[in-house]
Amino acid sequence: MRIRPQTVFSFLVLLFFAVVIWAAKDWPVKAQLYPWVIGIPMLVLAVFHLVTDLRSSAGKSGSSAAPTEPPDSTPADIQFTREIDPAVARRRTVQIFSWIFGFLLACWLLGLSVTIPPFVFLYLKVKSGEGWTLSVALTGAVWLLFWGLFDRLLRLPFPEGQLYLWLGL
Amino acid sequence: MIESATSGLLQVLSWPAFGFLLLGGAIGFVVGILPGLGGLTTLALMLPFAYTIQEPIAAFCFLLGMHAITGTTGDITSILFGIPGEGTSAATIMDGYPMTKKGQAGRALGAALTSSLVAGLEGAIILAISIPIMRPLVLFFGAPELFMLTILGITFLATLSSASLSKGVLAGGIGLAISAVGIEDHTGTLRYTLGTIYLWEGLSLAPVVVGLFAIPEIVDLAVRGSSIAGSKVERISGVLEGVKDTFRHFWLTMRCGMIGVMVGAVPGVGGGVSQWMAYAHAVQSSKDKRRFGTGAVEGVLGPGAANNSKEGGNLIPTVAFGVPGTTGMAILLGAFLIVGLTPGPDMLTKHLDVTLAMVWILVISNILAAGVAFLFLSQLVKLTFVRGNLLIPFLVVFVFLGAFSANNHFADIVVACVFGVLGYFMVLFGWPRAPFVLGLVLGRLAERYLGISLGAYRTAWLLHPPVLVMIVILVGSVSYSVYKRMSTGNQPVEGRVEQDEL
Numbered sequence: 001m002r003i004r005p006q007t008v009f010s011f012l013v014l015l016f017f018a019v020v021i022w023a024a025k026d027w028p029v030k031a032q033l034y035p036w037v038i039g040i041p042m043l044v045l046a047v048f049h050l051v052t053d054l055r056s057s058a059g060k061s062g063s064s065a066a067p068t069e070p071p072d073s074t075p076a077d078i079q080f081t082r083e084i085d086p087a088v089a090r091r092r093t094v095q096i097f098s099w100i101f102g103f104l105l106a107c108w109l110l111g112l113s114v115t116i117p118p119f120v121f122l123y124l125k126v127k128s129g130e131g132w133t134l135s136v137a138l139t140g141a142v143w144l145l146f147w148g149l150f151d152r153l154l155r156l157p158f159p160e161g162q163l164y165l166w167l168g169l
Numbered sequence: 170m171i172e173s174a175t176s177g178l179l180q181v182l183s184w185p186a187f188g189f190l191l192l193g194g195a196i197g198f199v200v201g202i203l204p205g206l207g208g209l210t211t212l213a214l215m216l217p218f219a220y221t222i223q224e225p226i227a228a229f230c231f232l233l234g235m236h237a238i239t240g241t242t243g244d245i246t247s248i249l250f251g252i253p254g255e256g257t258s259a260a261t262i263m264d265g266y267p268m269t270k271k272g273q274a275g276r277a278l279g280a281a282l283t284s285s286l287v288a289g290l291e292g293a294i295i296l297a298i299s300i301p302i303m304r305p306l307v308l309f310f311g312a313p314e315l316f317m318l319t320i321l322g323i324t325f326l327a328t329l330s331s332a333s334l335s336k337g338v339l340a341g342g343i344g345l346a347i348s349a350v351g352i353e354d355h356t357g358t359l360r361y362t363l364g365t366i367y368l369w370e371g372l373s374l375a376p377v378v379v380g381l382f383a384i385p386e387i388v389d390l391a392v393r394g395s396s397i398a399g400s401k402v403e404r405i406s407g408v409l410e411g412v413k414d415t416f417r418h419f420w421l422t423m424r425c426g427m428i429g430v431m432v433g434a435v436p437g438v439g440g441g442v443s444q445w446m447a448y449a450h451a452v453q454s455s456k457d458k459r460r461f462g463t464g465a466v467e468g469v470l471g472p473g474a475a476n477n478s479k480e481g482g483n484l485i486p487t488v489a490f491g492v493p494g495t496t497g498m499a500i501l502l503g504a505f506l507i508v509g510l511t512p513g514p515d516m517l518t519k520h521l522d523v524t525l526a527m528v529w530i531l532v533i534s535n536i537l538a539a540g541v542a543f544l545f546l547s548q549l550v551k552l553t554f555v556r557g558n559l560l561i562p563f564l565v566v567f568v569f570l571g572a573f574s575a576n577n578h579f580a581d582i583v584v585a586c587v588f589g590v591l592g593y594f595m596v597l598f599g600w601p602r603a604p605f606v607l608g609l610v611l612g613r614l615a616e617r618y619l620g621i622s623l624g625a626y627r628t629a630w631l632l633h634p635p636v637l638v639m640i641v642i643l644v645g646s647v648s649y650s651v652y653k654r655m656s657t658g659n660q661p662v663e664g665r666v667e668q669d670e671l
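Chain order of the listed sequences is F and D. Numbering follows my numbering, with no gaps: position 65 of the first sequence is 65. Numbering-wise, my numbering comes out as the position in the second sequence, counting from 1, plus 169.
Worth flagging that the hints you see were computed from the coordinates, not collected in a lab.
Calculated pairs, EDC-like style, for lysine to aspartate or glutamate (alpha carbon to alpha carbon, straight line, at most 20 Å):
| no. | chain 1 | residue 1 | chain 2 | residue 2 |
| --- | --- | --- | --- | --- |
| 1 | F | Lys25 | D | Asp354 |
| 2 | F | Lys30 | D | Asp354 |
| 3 | D | Lys271 | D | Glu410 |
| 4 | D | Lys271 | F | Glu83 |
| 5 | D | Lys653 | D | Asp457 |
| 6 | F | Lys25 | D | Glu353 |
| 7 | D | Lys519 | D | Glu224 |
| 8 | D | Lys271 | D | Asp457 |
| 9 | F | Lys30 | D | Glu370 |
| 10 | F | Lys30 | D | Glu353 |
| 11 | D | Lys519 | D | Glu172 |
When you get a sec, could you build the whole thing from the sequences and use the hints?
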């Protein structure tokens, strides 16, 4: 039987509720009450859901035409595009998450104000392959909006980058 | 009453009060559109200006006008980019953004703005006539009833918004559990703080919602490699179609507007709740529930209506009893004190003209917001045809800034990214995000009400007649949902694609 990614996700949900209950075991009753009132029934439901999911996986490996979950009426939420080749979709997903988390890391190391212009410029020039004029113009527009609205007008206290603190600058 | 209403209107239209209304409206318009830049933050930042203005009606024109408009324009960003312009306008994404992806952004915006306008007026009218009637009703709801109301809200949404009942309920449970993060009020116990001071206050709603909803949309945009609307060309009549949709589903709009007023009038229940409840009602009352989440216009009309009408509801306990219904109203309560007014019975007698002027402010600002938005609608819709590669860096920067501006804390950006990853997997594996958000919004309240109920009545609160009625409704709705799923369990599913390839 092949374990599907959604089954792993269901298992993580089960693990989450187990941790919610376990972490509360030594707390005073008043602090413990709410996490347990929520956590215990949810843990039971998560076990039920995981078992259903595993049975559905087993059923699926036996018959490829069987639906994975009860058909119903309402889609759960918005749905991702399905017209792209899965391999391409997976590669692009990893790329965009890398850009987002790379940006996050750069913001932490260098500070938001320093990181925003190079991030926008690099994304436009390197990732999107835009021309110099458009890349520079859009980077300037983002910087102007950031500086004018968030920095000058709202005076948000953007923190210094961690790197400056380490270097004592 | 008529004399006070006329006096209130004339005072709102007089100079400089009307000028302040326009200024506040302009700020509210921009703030509402910018993702994550919260109306609450701006309201708090602008509150000190009430000292300068001093004249009560002019001060309310500025502050209340700004506050009312942020709700309306917050829906615009939700529909166009799938990023909630306001923390309270996330529910509009559920069907508004899929409509945009189908090339129907104009129709979705037309529907959202018109339903906002219609229900905003409804909320203002109900505010005007209901203050004396609502007082006993609001006071009738004690902690046990409010606790059951929160559980009922989450269960409704969980049963209605998911293909799998267990996924819906579990998603709500995750939200409820995450709301327990932080210092416990009674014992001071640090719960799930992971050894960091940042989590002592619990997780803020804004970074969680911005990450949960915006990042999966950005990923999808990057994967598709096209514009938000793809190659789908929308006819210019789309906007008008959205306006017509509001009147085609007029009673749905009115009912969702009423939900907004009722939920808004219950003190302590946040602004986002009314939108989700209205969405759940739109799904529940539709004959073809399969369309929801794929771009059903009713899924835009419901939240759009409740988002605006709740302001009228919020004002009822604030003005009549001095009990603010939401954080926004708590800030506005500060404005009452700054301009020398005391909320309470005086607002219904001695200062009735000021109370009715507030009704007029809601009416006029709603009309202005819808009018101005309609003027720029065709330009706004064009943004959805801009190539995704050009939009993505802007959207990522706004997600980061929006998350940061919630508390001016860098960790909020990390929270947005973490919940962005969670949101991505939830969408990928068909877990609904709506019950999760509602659980997070209502969790702290639910715990407080549960604590008060147990402290005051032990388990006897379970036998309160309104509580019993709500338990019956809850059990009935879950049983019906299970029965319906079992009875349709053997039918083939059209269009469902296995997700394990991704």
